[in-house]
Amino acid sequence: MNTAIEFQHVTKGFKGASYNAVNDVSLSINEGEFITILGSSGSGKTTLLKMTNRLYDPDSGNIILFGENIRDVDKVLVRRRIGYAIQQVGLLPHMTVAQNIAIVPKLLKWDKKRIEARAHELLELVGLEPKEFSSRYPAQLSGGQQQRIGLARALAADPKIMLLDEPFGAIDAINRLNLQDELKRIHGGLKKTFLFVTHDINEALKLGTRVVVMNEGRVCQFDTPENIAKNPADDFVKSLINSCREQEKFWEGLT
Amino acid sequence: MGEIWSNILLYFENNLDAYLTMLQRHTSLSLRVLAIAICIGMPMGILCILFRKQQKWIVGFFQVLRIIPSLAVLVLSIRLLGIGMGPAITALAFLAIPPILMNTVAGLEEVPFFMLETAKGMGMTELQVWIKVRLPLAFPLILAGVKTATVEIVASATIAALIGAGGLGQIIFQGLSVRRTELLLIGGISVAVLSLTAVLLLDLLDCFLQRYKRGVST
Ligand SMILES: Nc1ncnc2c1ncn2[C@@H]1O[C@H](COP(=O)(O)OP(=O)(O)OP(=O)(O)O)[C@@H](O)[C@H]1O
Ligand SMILES: [Mg+2]
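Protein chains in written order, with the working numbering: chain A, 1 to 255; chain B, 1001 to 1218.
No wet-lab data here; the hints were simulated from the structure.
Glycine is no exception: its CB is placed at the ideal position from the N, C-alpha and C atoms.
Just to be clear, a hint being listed does not mean it is correct.
With beta-carbon atoms standing in for the labels, derived distance ranges [what the hints assert, rightly or not]:
1. A:76 <-> B:1068: 45 to 51 Å
2. B:1050 <-> A:17: 23 to 29 Å
3. A:17 <-> B:1067: 40 to 46 Å
4. B:1127 <-> A:69: 51 to 57 Å
5. B:1208 <-> A:111: 27 to 33 Å
6. B:1067 <-> A:64: 55 to 61 Å
7. B:1127 <-> A:248: 29 to 35 Å
Partial list, derived from the structure: chain B residues whose beta carbon lies under 7 Å from chain A [said to hold, decoys possible]:
8. 1036
9. 1039
10. 1114
11. 1118
12. 1121
13. 1122
14. 1123
15. 1125
16. 1136
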């Protein structure tokens, strides 16, 4: 199996912080995996993702994408090969849905026909009727629809690697479940490598082929959902699992 | 009252050509000043964002200029630059640059950081982020600054007649010197209508460019 992403002793600190945002992280991720990254607020999940597309550069350590150290590749080129979606979505308000999806293909100078066809295909993939939505502006979409477009936009140039930073952050529970299923379907059909950040332990265990648990910049455990549930590596992971179990009890008490 | 009305009609009967020349001069003076103010104010606003340390000096300099009344700026410019169209344009530009500069800075600063970062994350170069994201999103505020500047220019261009730049101010100053009320009325109302027309045109442009905010699809 191909190694898609390799973090080698990656460390990054910000000025004035008491601990490194990302501290000596080493991970090896295979092509086609759906990796979820779980951790409390401030544990370094976003920082790890932003180093992967060179929005930040690590203080030390290396990040290797398909055998290539990204330090040696132009930042802009690295980013154009990677899909990136975040919680705030960041659709450009002055562009229509179709134009937003076309951003990266345009940067890559695809021809017009190909871009149009791609936008059409992607809208269908994320479950929005192309005829109805292509020419809308972001202001005319619900939060959930915006997040779907954000996802479509990140997928536009068919990147092998997708970075998703809490892409379902602002979505209600029901829509969230739907989007999770769709994302799983999209991942399965496309054979892409996903790095998916979330706060939600259920989401992390449900979606991930393997799960990274982070705390204060360090990786506590990197394993399959089953192993994490069965054999939590340290107290932090244990407390995460316990918080989940407590919720279950709470539900049992209610019903 | 009836007398003023017939005097106004009489004025237009005898002086239509002169009036149109003054109107045309007023308009062209205003447009030239506006163009210059945009060409200086906008790039300086962008420079303010690029060089944050110098920002407070540039903005401060123009803010001080703004406190000086337009009349004083014009009179001062006679001293420094002499009379005629050139000095008038220079003096008026100094009045019109601050609102454009300040709104450019405010508009560019208002663009949320995550928007710029996602654009970068998608693989836009610095320049592409500016052209495709930052400037378009700042544009509504920049245009508001242009509107403020336009009103200021059209009004202040009246005084420019004092330093020999011509324009509708000539009618007003003539009216003052020979005490003819109808001349004051003609001049004043003409300036007001010109100013309103300019604002209306800019509002239309604004509406067109911001249709995405109202949720009207193309
Ligand atoms: N641009 C920055 N400048 C300074 N400190 C930063 C910056 N970005 C992140 N940090 C700090 O680095 C640490 C890790 O932040 P990060 O955003 O990676 O956390 P996170 O796991 O994504 O948290 P959350 O779940 O709240 O999004 C935090 O302590 C944060 O305050
Ligand atoms: Mg985060």
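- Query: Is the distance from the Cβ of residue 1050 of chain B to the Cβ of residue 17 of chain A consistent with 23 to 29 Å?
  - Reply: At 28 Å between Cβs, range holds.
- Given residue 1122 of chain B as an interface hint, is the shortest Cβ-Cβ distance to chain A below 7 Å? Result: holds, 5 Å to nearest chain A Cβ.
- In this structure, is the beta-carbon distance linking residue 1127 of chain B and residue 248 of chain A contained in 29 to 35 Å? violated (53 Å)
- Query: Measuring from the C-beta of residue 1123 of chain B to each C-beta in chain A, is the shortest one below 7 Å?
  - Reply: holds (3 Å)
- Could you check the hint for me, namely that residue 1127 of chain B and residue 69 of chain A are 51 to 57 Å apart, CB to CB? With a Cβ separation near 26 Å, residue 1127 of chain B and residue 69 of chain A fall outside 51 to 57 Å, so the hint is violated.
- Task: Starting from the hint 45 to 51 Å, judge whether the C-beta atoms of residue 76 of chain A and residue 1068 of chain B obey it.
- Result: Holds, since residue 76 of chain A and residue 1068 of chain B (Cβ atoms, about 46 Å apart) stay within the stated range.
- Message: Is the interface hint satisfied for residue 1136 of chain B? The criterion is a beta-carbon contact with chain A at less than 7 Å.
- Response: holds (5 Å)
- Was the hint right that residue 1118 of chain B lines chain A, CB cutoff 7 Å? holds (3 Å)
- Holds or violated: 40 to 46 Å for the Cβ distance of residue 17 of chain A and residue 1067 of chain B? holds (43 Å)
- Item | When the least beta-carbon distance from residue 1125 of chain B to chain A is tested against 7 Å, hint result | Hint on residue 1125 of chain B: holds, closest Cβ of chain A at ~6 Å, below 7 Å.
- Query: Is it true that the C-beta distance of residue 1208 of chain B to residue 111 of chain A lies inside 27 to 33 Å, as the hint says?
  - Reply: Since the Cβ atoms of residue 1208 of chain B and residue 111 of chain A sit about 29 Å apart, the hinted range of 27 to 33 Å holds.
- Query: Regarding residue 1067 of chain B and residue 64 of chain A, is the given constraint of 55 to 61 Å on their beta-carbon distance met?
  - Reply: holds (59 Å)
In terms of the numbered hints stated before, the structure departs from hints 4, 7, 8, 9, listed from lowest to highest.
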